[in-house]
Structures are given as structure tokens and as C-alpha cells.
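A.B. asks: Listed below are the residues making up each chain.
There are 2 protein chains.
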Amino acid sequence: MMNRRWVLDHYPQGAATKDIWRLEDAPIPDLQPGQILVKTRWLSLDPYMRGRIAPGANYTAGVAPGDVMQGGGMGEVIASAHPGWKVGDLAESMEMGWQTHAVLSPDLPGAKATNRVPEDIPPQAALSWLGMPGLTAYVGLTEIGRPLPGETVVVSAASGAVGQLVGQIAKLMGARVVAIAGSDEKLSYCEELGFDIAISHRDPEMAEKLAKACPEGVDVFWDNTGGVIHDTVLAQLATRARVVVCGRIAVVDKPAGEDIGLRSSARLIVTRARVEGLVVFDWWHKRTEAIRHLQQWHAAGHIRYREDVLEGFERMPEAFLRMMSGANIGKQLVKI
Amino acid sequence: MMNRRWVLDHYPQGAATKDIWRLEDAPIPDLQPGQILVKTRWLSLDPYMRGRIAPGANYTAGVAPGDVMQGGGMGEVIASAHPGWKVGDLAESMEMGWQTHAVLSPDLPGAKATNRVPEDIPPQAALSWLGMPGLTAYVGLTEIGRPLPGETVVVSAASGAVGQLVGQIAKLMGARVVAIAGSDEKLSYCEELGFDIAISHRDPEMAEKLAKACPEGVDVFWDNTGGVIHDTVLAQLATRARVVVCGRIAVVDKPAGEDIGLRSSARLIVTRARVEGLVVFDWWHKRTEAIRHLQQWHAAGHIRYREDVLEGFERMPEAFLRMMSGANIGKQLVKI
Numbered sequence: 001m002m003n004r005r006w007v008l009d010h011y012p013q014g015a016a017t018k019d020i021w022r023l024e025d026a027p028i029p030d031l032q033p034g035q036i037l038v039k040t041r042w043l044s045l046d047p048y049m050r051g052r053i054a055p056g057a058n059y060t061a062g063v064a065p066g067d068v069m070q071g072g073g074m075g076e077v078i079a080s081a082h083p084g085w086k087v088g089d090l091a092e093s094m095e096m097g098w099q100t101h102a103v104l105s106p107d108l109p110g111a112k113a114t115n116r117v118p119e120d121i122p123p124q125a126a127l128s129w130l131g132m133p134g135l136t137a138y139v140g141l142t143e144i145g146r147p148l149p150g151e152t153v154v155v156s157a158a159s160g161a162v163g164q165l166v167g168q169i170a171k172l173m174g175a176r177v178v179a180i181a182g183s184d185e186k187l188s189y190c191e192e193l194g195f196d197i198a199i200s201h202r203d204p205e206m207a208e209k210l211a212k213a214c215p216e217g218v219d220v221f222w223d224n225t226g227g228v229i230h231d232t233v234l235a236q237l238a239t240r241a242r243v244v245v246c247g248r249i250a251v252v253d254k255p256a257g258e259d260i261g262l263r264s265s266a267r268l269i270v271t272r273a274r275v276e277g278l279v280v281f282d283w284w285h286k287r288t289e290a291i292r293h294l295q296q297w298h299a300a301g302h303i304r305y306r307e308d309v310l311e312g313f314e315r316m317p318e319a320f321l322r323m324m325s326g327a328n329i330g331k332q333l334v335k336i
Numbered sequence: 001m002m003n004r005r006w007v008l009d010h011y012p013q014g015a016a017t018k019d020i021w022r023l024e025d026a027p028i029p030d031l032q033p034g035q036i037l038v039k040t041r042w043l044s045l046d047p048y049m050r051g052r053i054a055p056g057a058n059y060t061a062g063v064a065p066g067d068v069m070q071g072g073g074m075g076e077v078i079a080s081a082h083p084g085w086k087v088g089d090l091a092e093s094m095e096m097g098w099q100t101h102a103v104l105s106p107d108l109p110g111a112k113a114t115n116r117v118p119e120d121i122p123p124q125a126a127l128s129w130l131g132m133p134g135l136t137a138y139v140g141l142t143e144i145g146r147p148l149p150g151e152t153v154v155v156s157a158a159s160g161a162v163g164q165l166v167g168q169i170a171k172l173m174g175a176r177v178v179a180i181a182g183s184d185e186k187l188s189y190c191e192e193l194g195f196d197i198a199i200s201h202r203d204p205e206m207a208e209k210l211a212k213a214c215p216e217g218v219d220v221f222w223d224n225t226g227g228v229i230h231d232t233v234l235a236q237l238a239t240r241a242r243v244v245v246c247g248r249i250a251v252v253d254k255p256a257g258e259d260i261g262l263r264s265s266a267r268l269i270v271t272r273a274r275v276e277g278l279v280v281f282d283w284w285h286k287r288t289e290a291i292r293h294l295q296q297w298h299a300a301g302h303i304r305y306r307e308d309v310l311e312g313f314e315r316m317p318e319a320f321l322r323m324m325s326g327a328n329i330g331k332q333l334v335k336i
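Protein chains in written order, with the UniProt record's numbering: chain G, 1 to 336; chain R, 1 to 336.
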């Protein structure tokens, strides 16, 4: 039995292309005590991965050429040298990687741990609304954004894996939700989710429509995109607004020097707004709290979600590029 | 007896010029119960005033053409209809205005109150290190920046009214201080104050020198200027840095659309940095706490300061332009 895996061939210049990865087969190492062997069933595609394939310093170590591509996934235990895990258990881990078989150490701390997948949900939910994207939305809203009932929350990439949850949790917290997305289908989905207003970032009147949607300004801005959307919303912050800087998919492929736009110091002073970067891996100690809330909200019918599924391990690069280009609606996954 | 006063003639287009104000004489109104009449001795010039003479929305009401120019000052009570104030008392207030005689209501709340000037200090200190700039530096560092011993604090406009205090209080909190200023004389003054390193923002190698001065990144950035300095420092934030956005004198005269520079979302995510606007008038409830600390530090020989004094009420516009152009070192004041 061999492990089929995607390794990074070379760093991308600008936007990623399929040829930066290559498929290879490798033997599966023997398990050490405390390890398990997992056969991958679902792999997750997330924008943070773009940072992992850049040579520059980031918040954690990246993927070097020749390394297996990093990524979260879930699968079934097919061999175990860990007393707490048995063959047939379902396991989820950020350490899965783009490979058909992963040797995991369940007891590693924090975001390196292996988690059990609850039995009563579709198993891929552990990579989506009940997994890392759900935790991101939960901690970003409850710890940083903290919308009050009646406040206005603007979320960019609102139909995406994180955005769809941010809007719904903000609604559960009593806020008005103004969604920003980029296609008619995405905007329709935002309306289906019960968001109050959905605005296209491709609309030349985006700023005017946002102002109309937020007559008293933007209290919480959840920024998944950066770029022009970021500038437009920052210009309309309310006093004491909170901005959760979570993603920058609109500008992530650009060299730092090209990432230009309105500087925000005037609005930040006038509004006393707070801006704070969010890296969900810092908040892993909140995982149990988040998951209990998410499960309870879901059981009560409050959490809806979409997945955007490609089938076949060979399609991992295609899925990555699909997510980076914004072609997906909801959580991008690959079923193995 | 007449009140001589500077009124706003018209809003400036771009940078302020002397002709936007005009001098006029007006009768002094009779005192109502609870009011005092103060003969101005010292007037303060502060960058926040630039926001007050712009027509756009700001955090507080501005000066309309025909109004007396707003500004803080101190003086001597020459008539009183308030039981707690008597002729000869020294009074300081943000409500003084650019005028030789001010009718004040000492019991107004918060930043509108009239404060007594301590007897054991030069009275103009109530406009400088023991007044609003001192409060700004104190609350910005203790409530927002919160430098830990051994952390690195970068302060821009480090020789100015606020900057000179930020650096000294940061040193008292045990931090390393890297000062940014714009002339040899200012840099020398920063070194006299005991700041660890002083860098010119006119140096084409500012970024390299900053990197060398902050080998582990910038833990706290006190931003008084915005502009290129802001961009340069933001690119070097350490993980969990705190940025106090206090001023934007480098870009304040520019229309919002021209205030462009590096967008910071990449650094903010990677570092989880927090950026927060500071308006000292929100923190007036901390005034007593700040003043007690400042007095005690001063008494112990830890607080040094410079004042940049012009003499003569007729020189108010000149003093304002001097401050806005950065020609002053330390607190800009006018002695009446």
C-alpha cells in the first residue's frame, strides 16, 4: 500500500497555478506508539493555504518545495498504535495534508491535535461549519467583533466558508447583517441565509449602496478580502467600530508593495475604531466552546451552510485554484 | 474692556494659511451664575485643531466661519459668579478659545470643565506635560499600547508635545524607545530625553535603520503622523503588536482620497496586531489618575519637556502654522 500525495514543486510567482504541485507515491511509514494511520476521505481547501506556499515569513512554518502540501482533512482510522483510537474511528486534523494516507499523532497540542468527528453530522462538517471555519467565525465575532443587538455587521466574501457562518452567527447575536459578495448566485444565497441586505462588490455603486444599507455606519466589519472592499467599508465605520481583519483573498496574490489603497488613519481616529488581525489557530482553546454553540444552533435549525465539492484526489490543485478565484460558494472541499 | 479674539474667516483648502482667521474685538458678556471670567495668559496649539476647521464630520463639532477659534488655554480669574472660584485663581480649560478673555462654566462635564492649575508648576504645564498632551500619552500607553518591560515602542513625531511624553512614559514602563523625528535638533533632543535610538524620517534608509533598531519587530507603535512613517512601521510590526493611531499630521492637509499608502491587512493578520484610534477626550475620566502619575514622575526627575513659545496674541495663526509644519520642538504655546 502506497501513499499518494501532492508535494509542492516550487513557490508560485503571483497567483498559484496547477504546476506548482506534483503528485508522487511514497511508502507509508510504520506507526510509532501513540500514532494512527488515517485513510483520507475529505480534504479541505482554505485561503490560509496561500500563505503556506509563500517563501516569506508568516505566522507559522510553511511548505517548502518537496514537502507534502499542508491542509486539514478527515478520514477513517485504518491502523492504530494509540490506545484511545481504533480502526473505523473517524478522525479530523489540520495535520492531514494533501495525501491519501496520513500518519497522525492525536495527542499533539492545540491545532496539531486529531479530533473525533461527531457521529450525527455529515463527516465533512468537521472541515466546515463545525470545524476550523466555524471556529473562526465564532471566536472572531464573540471575542473581537462583539456585535450588540441592533448593530450593523458588514461581512465580505459573505457566501464563503467563513462568511456564511459569520453572517448567521451575527444574526443569532441580534445584529443586522449586510453581506458583500461577487455574483448573482452568491447574493441570492446570502438572501436565502436571511442576511438583511446583499451588495455586489462588482457594483460600481457599492459605496453608495453600502451607505444606504448602513445609515448609522458600520459597527462591525468582518474583512475576508482586503482590497477595494476593505477601503470602501473602512470609510464608513461608525464610532467605536470593530474591524476583524480575517482574510485578504482579494489581494493575496499581489506583492506587498502593490497592496495599496486608502490609508485608514483618519477614519480610525475619528471613529476610535479597533482593527485586529485574526488567526484562528491562536484560539484553539475555544474549540470546544465554539463547537458546542455551533451544534446547538444547528440542531435548532439556525445554521445553514453550503459546500462546494469536487470529487477525486487528483483534483486538489484545481480545487485550490477554484477557491482562490472565488468560483466556489460555501466551503470548498474535495471528496477523496 | 473688550475681548480680542480670532474667529475663523473661512475653511482652508488644503494646508491652513494665516488668512483663514481674522482678529476682531467683541464686548464681554455679563457673567451668569456659575460662570467665571478668565484673562488668558497662555494658549495651546495642538494638531487636533486642524480637524476643527474642516467642514467634514469629525468626532466633535467644529468651528464654523464666524466662530471663535477653539483651543485650550490657561489664565487668571478676573471676575467670578461661581462660589468655588475667586479672583486671582489660575484656571485651565479646553474651552478657552483663541481670545484674550473667556467666560467659562467650570462645572461643565468632562473635557468641557475648567480645571485648577497646580501652584507648584509653571502654569503653562497645565497645557503641556501636565495637561491634555500628558493625558493623551498616559492613557494611550496604559490603556491601549500597554508596553511590557523589554518591549520596543516606536513613536513618531517623538520630539513633539505628545511624543516627548510617550517616549518617557514608555521608558518608565520599562520599554525600549525608538524615536522617529525630522531634524537633527529634534533627534538630538530625543537622545537627551534618554530614548534608545532616534531615526530621521527624512533618511532614505529609514526602513533599514528601523529594522536594525527593532530586530524582533515593533511591539507598540505610537503613530502621531500617518503617511510614509505609518507604512514603514506597520511593515515591521511584531506578533501581537499594538498600534495607537493618535495623529496624522503628515497627511492631515490632504483630501481623504489622496491619503494613500501601503494597506496593512497582510501584516495585521500575520501579526494579529491591534490598531485603535485614540481620542483623548474620551478618556477625561482618567485625568486625575494621569495627573497624579505625571506629577509624581516629574517630582522624581523622570519627566522632561520642551515648550516652543511664541509671545503675543496676534501670533496665534503663526503659531498654528508653525506647529502644523513641524517647526516646533515640544509643546507649541503662545504666551499672551
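No lab work stands behind these hints: they were computed from the structure. C-beta atoms are modelled at their ideal positions from N, C-alpha and C, and glycine is treated no differently. Watch out, some of these pointers could steer you wrong.
Sample of chain G residues at the chain R side, in silico, Cβ under 8 Å [said to hold, decoys possible]:
1. 66
2. 172
3. 268
4. 271
5. 273
6. 275
7. 287
Label pairs and their calculated CB-CB ranges [to be verified]:
8. 204(G) - 54(R): 22 to 30 Å
9. 11(R) - 207(G): 47 to 55 Å
10. 228(R) - 15(G): 24 to 32 Å
11. 184(R) - 207(G): 38 to 46 Å
12. 285(R) - 194(G): 39 to 47 Å
13. 174(G) - 314(R): 51 to 59 Å
14. 228(G) - 327(R): 31 to 39 Å
In silico negatives: residues of chain G with every beta carbon more than 10 Å from chain R [as the list claims (entries may be wrong)]:
15. 28
16. 29
17. 182
18. 196
19. 245
20. 277
21. 291
22. 292
A.B. asks: Now, for every hint given, state plainly whether the structure supports it.
C.D. replies: Verification of the supplied hints:
no.: 1; hint: 66; verdict: 24 Å, violated
no.: 2; hint: 172; verdict: 25 Å, violated
no.: 3; hint: 268; verdict: 4 Å, holds
no.: 4; hint: 271; verdict: 6 Å, holds
no.: 5; hint: 273; verdict: 6 Å, holds
no.: 6; hint: 275; verdict: 4 Å, holds
no.: 7; hint: 287; verdict: 18 Å, violated
no.: 8; hint: 204(G) - 54(R): 22 to 30 Å; verdict: 28 Å, holds
no.: 9; hint: 11(R) - 207(G): 47 to 55 Å; verdict: 24 Å, violated
no.: 10; hint: 228(R) - 15(G): 24 to 32 Å; verdict: 29 Å, holds
no.: 11; hint: 184(R) - 207(G): 38 to 46 Å; verdict: 44 Å, holds
no.: 12; hint: 285(R) - 194(G): 39 to 47 Å; verdict: 40 Å, holds
no.: 13; hint: 174(G) - 314(R): 51 to 59 Å; verdict: 57 Å, holds
no.: 14; hint: 228(G) - 327(R): 31 to 39 Å; verdict: 38 Å, holds
no.: 15; hint: 28; verdict: 34 Å, holds
no.: 16; hint: 29; verdict: 33 Å, holds
no.: 17; hint: 182; verdict: 18 Å, holds
no.: 18; hint: 196; verdict: 25 Å, holds
no.: 19; hint: 245; verdict: 5 Å, violated
no.: 20; hint: 277; verdict: 4 Å, violated
no.: 21; hint: 291; verdict: 22 Å, holds
no.: 22; hint: 292; verdict: 25 Å, holds
The structure is inconsistent with the numbered hints 1, 2, 7, 9, 19 and 20, although it conforms to all the rest.
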